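Please work from the sequences and hints to get the whole structure.
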Amino acid sequence: MKKIEFLKILSIPIFLSACGGESSAPNQVMNTDKELKLTETQTQKQTLIPITLSKVNIIQSHILPTEQGKVWKLKDGSELTYRATPNKSAIILLDLNLNGDQNPKIEIYKSHNLITSINLSQDYKSFSVDGNVKPLPFSKNTWIANIPKEYMQKGLRFRVISDNAQPSSFKEVEFSLHSNLKIQILPFYLFGASTNLIAYDKVISPTSQQKAELENIWPISELIFEQHPIGEIKWDYMIVPPSDGKEAEKVLEKDSRVINTILNTITTIYYASGNSSLNYQYYGPIVQMNSKGEYQYPGGGVGWGNVSVGDHYYSGIFNHESGHAFGLGHAAGEYKDNNFPYYGGSIKGSEWGFDISTNTFISDLVTSDAQNYSNCKKYTSHGYVRPLDENGNCYKVDVMESGSEDRSKKYQYGIFSDYNAARIQKYVESKTIINDKSLTNYSKWDQKNYQWIDYDPTDDKWDRARFGINKNYANKRNVLVKTVVFTISNANTKGMTQIYPVSKTYTGNLLKQIDPTDANDLAKISRNSDSIYKNFCAESGCDYTLKVYYKNQTTKHFAIQGGFRPWFKESDDFSDNKLDPKNSESFRTFAMNIPAENQISKIEILSTPILWKNGLDKSAKILASRDL
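Heads up, the sequence shown is in numbering that gives the first Met the number 0, so the first residue is 0 and it goes up one at a time.
Quick caveat, the hints were computed from the structure, so don't treat them as lab data. Just so you know, these numbers come straight off a predicted model, no measurement behind them. Every residue gets a Cβ at the ideal spot worked out from N, C-alpha and C, and that includes glycine. The reader is advised that the hints may include incorrect statements.
[Unchecked claim] Listed next, with one range per pair, are the computed distances between beta-carbon atoms:
| hint | residue 1 | residue 2 | range |
| --- | --- | --- | --- |
| 1 | LYS436 | LYS181 | 38 to 48 angstroms |
| 2 | LEU47 | ASP435 | 46 to 56 angstroms |
| 3 | ASN112 | ASP453 | 25 to 35 angstroms |
| 4 | LYS74 | LEU135 | 30 to 40 angstroms |
| 5 | LYS109 | LYS568 | 25 to 35 angstroms |
| 6 | ARG625 | LYS436 | 36 to 46 angstroms |
| 7 | ASP529 | ILE355 | 50 to 60 angstroms |
Listed below in structure tokens is the structure:
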């Protein structure tokens, strides 16, 4: 205050000498007092201490650092980053040094524009830790705020303000893309099973609770479950490939080999759709019946890139097999190969998960109500024993290491480690989308510049149709098609080269195909160096053609890509294993979408050896046929 009094005394004579006359002096002094009080307030504000943030986390599927996400260095030298997910509600968790200040708030900015302010709170009554296995991750300086999903967008910046402090510095949230994933459900009704056994609406979608949990534990902005336009596959038999010293055979009831056969089958349907590089996955729930007309559980599930199959309950195995569809392997095996960071496939060291619908933290320890609780210490995988904390409690293992049995009973699904969640996020970032605003109708995500960029699948100068013409993207979308699934035995096992019952006509996609009756088309798949599709037959040959008969007396021919030739030796003889009826290498399942704008009467598989070179012989041998 001494400084202020000095300023008051000094200001009076200066003012009088400037204005002259006594009559105005008292009023002027009074105005100066007001100015001095303002000066005092400004001086106090200049001495206020800024709010400091010692911890800044954003919480969605996991607790994450806000600004840079969580980053891992991979063994190939690249980095994997787990970022916040746009358009999903979040909680900001802050440790603040307020120095006795009051009423802290978060100011939310979009770039440089203030959007809203949200009160910070220390009311933790609604928060819990699943199973009470650990205390809440809060300190006496922890403050929290709920951030609605509409504010969770790229460009979000925030700072903390309070009544008696300077604002904190700005923090910016690191985001992944605004993603969506479509999971198309294609049920398999087998061996006489029908919707009379299990109703269709019980098969084609998870429950609302299951959907909500998956939306919470998968770092994806929008998760869409939809029926595959085929509707359902209904077959009374399956052709299983050679295995365990047995030849390929037709099975009419539940068999342990069926589930892998269905996985292979739905994969071929997936690639025939032209969606294999897009933001789509397929799931095939299996409904099978025994000779007594009773439902038979399929015995688990299987999955790999983009597709999976299993039961119609969408139980914990669905989450695990979806992990395989996302490209994740078994966690303990990946740890052994230095492709997973946490000991033995566990989540010890992972950030905690979070259930935002109930404000429940999901810790890394097995809860007492978990299915595996009493036996968790006995668990081993790949020689790794279950890690324990200092009190002898079991750490959970990742969903990709049988982690479903470690979950609390109140949940349908276990949680992924933060590392595997980051890999799921990266998987979705890698997918192409259909984009009507793109010049090419397709776009890919550029995370570095945070934008969609046009993508042209016809630019295939390197692979030259090795993985399908136009990189297996659809040539025509939303047209009338039928899907044909068929098997070929190169060992000529009786009855194993055949055509399954053909799908109904539906609105779907067509790949660009080669018509072997057209000399120009054949020239495109020639192995000559200048042929536009020179590698179409390079992987394993082109030795078969699908012939389609229409009721209007027209026919169409489609070259079948792939066969049994040696790799990039598409005119060489078959190796012994490709001719061995007991070797799985002598058998393949194929699928093709064919035009169905006209009614189809018959489909044939023709033998057309070394098609790219020899062309189509008019007297080609018919290997299999199906009337429609």
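Hint check:
1. Against the hinted window of 38 to 48 angstroms, the Cβ-Cβ separation of LYS436 and LYS181 comes to about 19 angstroms, which falls outside the hint.
2. Checked against the hint of 46 to 56 angstroms, the C-beta distance between LEU47 and ASP435 comes to roughly 53 angstroms, which is consistent with it.
3. Between ASN112 and ASP453 the beta carbon distance is about 29 angstroms. The supplied range of 25 to 35 angstroms therefore holds.
4. Range check, LYS74 to LEU135: about 35 angstroms between beta-carbon atoms, so the 30 to 40 angstroms window is met.
5. Between LYS109 and LYS568 the beta carbon distance is about 58 angstroms. The supplied range of 25 to 35 angstroms is therefore violated.
6. Between ARG625 and LYS436 the beta carbons are some 42 angstroms apart, a value that agrees with the proposed interval 36 to 46 angstroms.
7. The hinted window of 50 to 60 angstroms between ASP529 and ILE355 holds, with their beta carbons roughly 57 angstroms apart.
In summary, the numbered hints that this structure violates are 1 and 5.
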